[in-house]
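Asks: Once you have looked at the hints, place chain R on chain A.
The primary structure of each chain is shown beneath.
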Amino acid sequence: MILLTRKAEFSASHYYWNEAWSAEENARVFGKCANKNGHGHNYTLEVTVAGEIDATSGFVVDLKQLKGVMEREVVAVYDHRHLNKEVPEFAKAIPTTENIAVAVWNRLDGKIPGARLHRVRVYEMPDLFADYYGEP
Amino acid sequence: MRAYLSRRYRISASHRLHANVFTEDRNREVYGKCNNPHGHGHNYVIEVTVGGPVNAETGMVCNLGDLDAWVRKVVVDRFDHTNLNLDPLFQDRVPTTENLSIEVYRLLAAAFDKAEVVRVRVEETSNNSFEYPIHTPFAAGYRPMS
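Protein chains in written order, with the working numbering: chain A, 1 to 136; chain R, 1 to 146.
In case anyone wonders, no lab produced these hints; they're calculated from the structure. As the structure is a computational prediction, the values presented were derived from the model and not from experiment. Wrong hints could be hidden among the right ones.
Stated by the list, open to error - Cβ pair distances, simulated, as ranges:
id, chain 1, residue 1, chain 2, residue 2, range
1, R, E57, A, L128, 19 to 25 Å
2, R, G65, A, G38, 18 to 24 Å
3, A, K7, R, E24, 45 to 51 Å
4, A, K7, R, E98, 28 to 34 Å
5, A, D127, R, E57, 21 to 27 Å
6, R, N83, A, E25, 23 to 29 Å
7, R, N43, A, L128, 17 to 23 Å
8, R, S14, A, H82, 42 to 48 Å
What the hints assert, rightly or not - Taking lysine-lysine and the DSSO-like style, the derived pairs with C-alpha atoms no more than 27 Å apart in a straight line are:
id, chain 1, residue 1, chain 2, residue 2
9, R, K114, R, K73
10, A, K32, R, K33
11, R, K73, A, K32
Unchecked claim - Here chain R is said to cover these stretches of chain A; the calculated rule only asks that three of the stretch's residues, wherever they fall, bring their Cβ under 8 Å from a Cβ of chain R:
id, segment
12, 75 to 83
13, 124 to 135
All residues carry an ideal CB built from backbone N, CA and C; glycine is no exception.
For reference, chain A alone in the conformation it holds in the complex:
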């Protein structure tokens, strides 16, 4: 088995807010991320797939297809968008880095021809990232 990782970038805005809480509680837990006017990041997405190397092509996955799936399923939906207001999965779930990693996994799982999704890593900033391996 071999792992292959492809990166993509998107820029988006978001804020953290739990409707079930008071404004004070949101401010206490989420700090400046609770500003409802939102703020933004340049996200880096790393998608890692696992599989066997095809004896003929030497590929574990067709990179062009992988790039196409990432572009269609994630980048086209998230890039230059307000995650809370424009991306359906964040109408309820707070768009934390953790939840974005889970959402990207759900968008990609089963859609990559010939390879199995192994890990989704989302960098919110170079010093902060979340990993999701599909664990329940």
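Replies: Here is chain R on its own, set in the frame of chain A:
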């Protein structure tokens, strides 16, 4: 859903690689310029990974403020701008970055109650990094190739 959150912290510290059980010649042979008697220093990057269920109310594995405060208290304040050889942890072990990774992991994992500290990765320079323990997060979700 179990996810993992990683955050990078920085410390600057000096050290000298020298094993008391070796002769002076043997120390120079094994550690080379890292055995320089006066020590030398690095800007270390300490990447801390915590794992746990994503909290349904907050969307978080762990509040970053809690993690930052814990790492600062237990690791950054202890080691930043110090000579690692003088720390009690390195009286009987050489402050290689392997040993630093293990000790940082033990310090962080010992009593943090907000999430599980699953891995520490230390970059000594941009070309050298060390991880402890080896992280195998696939227990529940891993689907082996058929």
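Asks: Is it true that the C-beta distance of D127(A) to E57(R) lies inside 21 to 27 Å, as the hint says?
Replies: holds (25 Å)
Asks: Measuring from beta carbon to beta carbon, are G65(R) and G38(A) in 18 to 24 Å?
Replies: holds (20 Å)
Asks: Does 19 to 25 Å hold as the CB distance between E57(R) and L128(A), or does it fail?
Replies: For E57(R) and L128(A) the Cβ distance comes to about 20 Å; the hint holds.
Asks: Test coverage of the segment 75 to 83 of chain A by chain R using CB-CB distances below 8 Å; three residues minimum.
Replies: violated (count 0)
Asks: Do three or more residues from the segment 124 to 135 of chain A put their C-beta atoms closer than 8 Å to C-beta atoms of chain R?
Replies: holds (count 10)
Asks: Does the hinted range 28 to 34 Å hold for K7(A) and E98(R) at CB?
Replies: With Cβ atoms ~29 Å apart, the hint holds.
Asks: Given a hinted range of 45 to 51 Å, is it respected by the beta-carbon distance of K7(A) and E24(R)?
Replies: At roughly 48 Å between Cβ atoms, E24(R) and K7(A) fall inside 45 to 51 Å, so the hint holds.
Asks: Is the Cα-Cα distance between K73(R) and K32(A) 27 Å or less?
Replies: holds (23 Å)
Asks: Between the alpha carbons of K114(R) and K73(R), is the straight-line distance 27 Å or under?
Replies: holds (15 Å)
Asks: Does 23 to 29 Å hold as the CB distance between N83(R) and E25(A), or does it fail?
Replies: violated (44 Å)
Asks: So the hint says 17 to 23 Å: do the beta-carbon atoms of N43(R) and L128(A) match that?
Replies: Holds - the Cβ-Cβ distance for N43(R) and L128(A), about 19 Å, lies within 17 to 23 Å.
Asks: Please work out if K32(A) and K33(R) have their alpha carbons no farther apart than 27 Å.
Replies: Violated, at about 46 Å.
In summary, the numbered hints that this structure violates are 6, 10, 12.
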